[in-house]
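Asker: One letter stands for each residue in the lines below.
Protein chains: 2
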Amino acid sequence: MSLQAAILGFLSLEPTSGYTLKQRFDGSIRSFWTATQSQIYRELHTLQREGLVSVEAVPGDGKPDRKIYALTPAGHDALARWLEEPLEPLVLRHPLLLKVVFAARLPPERLDAILAQYAEGIAARRADYAARLDAPEIFTLARSPRERDIWHVAIEHGIAWCDMELAWVAQARERLGRRQGGKKWIRKAK
Amino acid sequence: MSLQAAILGFLSLEPTSGYTLKQRFDGSIRSFWTATQSQIYRELHTLQREGLVSVEAVPGDGKPDRKIYALTPAGHDALARWLEEPLEPLVLRHPLLLKVVFAARLPPERLDAILAQYAEGIAARRADYAARLDAPEIFTLARSPRERDIWHVAIEHGIAWCDMELAWVAQARERLGRRQGGKKWIRKAK
DNA sequence: GTATACATGTAAACGGTTACATGATTCT
DNA sequence: AGAATCATGTAACCGTTTACATGTATAC
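The listed protein sequences derive, respectively, from chains X and C. Using our numbering, you'd call the opening residue of the first sequence number 1 and step up by one each time. Using our numbering, you'd call the opening residue of the second sequence number 1 and step up by one each time.
Source of the hints: derived by calculation from the structure; they are not laboratory data. One should not assume that every hint holds.
Identical chains share a label here; the pair holds if one copy fits it or two copies do between them.
What the hints assert, rightly or not - Calculated cross-link-like contacts (lysine to any residue; reagent style SDA-like; alpha-carbon spacing at most 25 angstroms):
id : residue 1 : residue 2
1  : Lys22     : Leu90
2  : Lys22     : Arg105
3  : Lys22     : Tyr129
4  : Lys67     : Glu50
5  : Lys67     : His45
6  : Lys22     : Pro59
7  : Lys22     : Arg143
8  : Lys22     : Ser12
9  : Lys63     : Arg42
10 : Lys67     : Arg42
Construct all of the structure, not just a fragment, from the sequences and the given hints.
Answerer: Given below as structure tokens:
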């Protein structure tokens with residue numbers, strides 16, 4: 001449902017091709033939704049079969065031909081209906097935490113290394129998201145200051161998420177400190 | 001891979017049945033991994049076929065019979081290998097943000113309502129996670145203060161995540177304020 | 001009598017990933 | 001000569017969700 005909605009959403013901003021959609025996914029919503037090339041082409045075919053999008057073949061001069069997809073009235077309706085649906089709560093899946101809890105009987109420095117490795121990856125991702133914040137990519141499709149603000153706020157979510165992860169890792173490493181048998185933490189009695 | 005590892009992980013703490021595993025998933029790692037009943041039974045069969053777990057049927061007196069699964073040496077090895085594997089970076093999928101960006105051309109109060117509804121759900125979840133923090137559930141399986149600390153820190157991640165979500169929503173609602181055409185935000189020129 | 005807890009499973013559908021396949025043009 | 005970009009697609013697989021199926025015991 002979400003993949004379909006994302007494609008309808010992009011097409012509502014501007015009719016475009018599968019190839020360009022893939023670029024939009026990677027260039028703007030990457031921090032909260034991803035899709036592979038094959039997923040996008042498959043979904044476009046489905047959407048077409050269902051009458052939610054129409055296609056126009058555009059001969060590419062020199063380059064390969066493109067198929068430009070646009071929303072049909074039914075497509076606009078489907079997008080509007082999706083926007084109105086209440087959101088069912090998000091289910092998080094976080095393999096790191098799985099590793100953390102089941103690494104509890106490993107030597108402390110091994111667990112610390114897992115956390116350190118993870119933090120490195122997140123730091124890199126944070127830099128990547130931050131760099132995208134002022135890149136014009138999606139902003140060219142925004143038609144008002146408000147729309148630009150909305151995109152800005154959405155992309156900032158990825159940064160807030162990275163910051164939370166980094167803060168949590170730092171705290172975890174602190175509390176589970178390298179030296180075992182070190183300082184004992186005060187825990188309230190039941 | 002993660003589902004398999006989670007099951008192996010739980011079985012490494014204590015041999016148990018599919019039914020109890022489902023309760024452990026729901027009762028302790030719910031904030032970072034979920035699995036349905038059918039997924040767990042299916043995976044246990046696969047694990048058995050691969051020789052990573054062994055089964056013992058235990059007649060239930062009055063209650064239905066149970067099948068108690070335990071790690072084989074090969075199962076212990078598989079878990080150890082998984083713990084050593086580097087983590088590939090987590091891919092987040094966040095339908096709320098999809099809705100936010102594609103609701104940009106809706107009346108501002110509609111977008112605000114989406115955000116408000118989401119925040120409600122997160123607040124409820126936060127309360128749920130917080131309540132679980134001092135529930136003994138998993139702590140009965142922990143064999144040392146360190147192990148208890150690790151579980152504690154892992155469960156706190158869910159709370160940190162909720163807090164981040166709530167802070168982000170609050171900021172977003174603030175910045176995209178109910179009244180359109182209100183205060184203009186300073187944006188730096190390119 | 002009805003619902004919940006205990007306990008196990010199967011089947012179908014859905015969504016996402018990986019690998020394969022083709023072919024022209026442009027850049028180094 | 002080789003790699004990257006543009007542009008489209010197919011096939012197989014894997015993991016997750018939903019619905020169906022069965023049966024006993026206990027609590028309200």
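Asker: So, for every hint listed, does it hold in this structure?
Answerer: Verification of the supplied hints:
no.: 1; hint: Lys22 with Leu90; result: both (24 angstroms within a copy, 20 angstroms between copies)
no.: 2; hint: Lys22 with Arg105; result: between (43 angstroms within a copy, 22 angstroms between copies)
no.: 3; hint: Lys22 with Tyr129; result: within (18 angstroms within a copy, 37 angstroms between copies)
no.: 4; hint: Lys67 with Glu50; result: within (17 angstroms within a copy, 47 angstroms between copies)
no.: 5; hint: Lys67 with His45; result: within (11 angstroms within a copy, 46 angstroms between copies)
no.: 6; hint: Lys22 with Pro59; result: within (20 angstroms within a copy, 55 angstroms between copies)
no.: 7; hint: Lys22 with Arg143; result: within (22 angstroms within a copy, 49 angstroms between copies)
no.: 8; hint: Lys22 with Ser12; result: within (15 angstroms within a copy, 42 angstroms between copies)
no.: 9; hint: Lys63 with Arg42; result: within (22 angstroms within a copy, 49 angstroms between copies)
no.: 10; hint: Lys67 with Arg42; result: within (13 angstroms within a copy, 42 angstroms between copies)
Hint violations for this structure: none, all hints satisfied.
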